[in-house]
Amino acid sequence: MSTNFINISNSDDVKPFLLGISSNLLPEATKRVDANGLQVARSTILATLMHNLTLAYPERKSAGIISAFYGFLMAKNLDWVNSQTIDQIILAALLQDVGLGKVAEKIPGVPYVQLCKDHQAAFQSHPKEGLVLLQDIENVSERVRQIIYQHHEYCNGTGFPNGIIGTRIYPPAKILSLASGFVDELLNNPKERPANILKKFVSDREIVTRYDGDCVRSLIKLFMVEKK
Amino acid sequence: MGKTTLLIIDDETVLLKNVAEMLTGVADNIVTCDNPFKAVEILKKGNVHCVICDIFMPGMNGVEVIKKAREMKNEVPFIFYTAHGHKDLMLEVAKYGAFDFIDKPNMDGLEHAVVQGLKVGVLQNSKVPGDDTNIRDYRKLLASLGDDSED
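So the protein sequences, as listed, match chains A and B.
Using the working numbering, read the first sequence as starting at 1 and increasing by one per residue.
Using the working numbering, read the second sequence as starting at 1 and increasing by one per residue.
Errors might be hidden in some of the hints.
To be verified - Heads up, incomplete: computed chain B residues facing chain A, CB under 10 Å, no partners named:
id	residue
1	A20
2	G85
3	K95
4	A98
5	P105
6	D108
7	V122
8	S126
9	L145
Unchecked claim - Partial list, derived from the structure: chain A residues whose beta carbon lies under 7 Å from chain B:
id	residue
10	Q84
11	Q135
12	E142
13	K191
14	V216
15	S218
Calculated directly from the structure, the hints in this document are not laboratory data.
Where is the CB? At the ideal position from N, CA and C, for every residue including glycine.
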């Protein structure tokens, strides 16, 4: 993965995963994701954290960038999200897995389901590690830290690290939770069209009940062709 | 939206007054409280639709206030003022469902957060769509994707 944090949206690592999105918001998404990516690249601490993550998990950087796009696009469809919150979701998406860089040495490089309990616990600590690593860093607000801390919480209470239910999850974190979960499905099936993955994703009751209803509707709408 | 009540809790009385002034007109009633123990009593009575609470207060911190509210089955949205250096409190407070976080001292985004918090607070006792309703709705939307999503 050669994805850099400058002109990230032009990367071939990103474009195929946005295929089929009918939204005319892609140029704005590109601008906003690039601007936040630049903010990460210009910060020595944030760039170092991302470097550490990429060494351990090269694919997570692209996952963060693609999640940032989906986070932006979904948020634009939700009337309660303002411009400031959108940028916070994008930044959180880019930085969501920095905690993984810290716990990497405790986890063998196998799929999550094959991990033993101790290794799963180490993996599940990465949102908390992310919050701790980003403490006291200039330009990273508490909102961004909390989105990262809660990006694996699920509305049905089966997420981690705290297993809180939908009404208690920080609302912007619900957007990143879905964006991140959907992007993982895209990356696991790189040859399939995103719209086809979406159909399977949304049709799987066990998966879709993890996520906020309005966020899921917003995600589906991204793939609806605008009728003239 | 019906009549809304906002409760602001902060031991710093000057800040309490300033924030209340800043938010005049955003809620129908604004109640200020410089004592977290008294704030818990106010929350017991109910009819508060959104709370702004300082995270660090002597005697009882913001986490303990929201914890007490949740123990009373009160799910009112809480917006916390935060400042650097309260990492453990921030890890803890998420468990109880913080609605938003505002960084001190600039209070950026506070008004928008309160408006959204009041909306959620007023609606909190209304019925939310269940999984089955949502899934039916998703199916309808997916059907409208049809084959347009293919090449």
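- Query: Okay, which hints does this one fail, numbers in order?
  - Reply: When the structure is compared with the hints, numbers 1, 5, 7, 8, 13 and 15 turn out to be violated.
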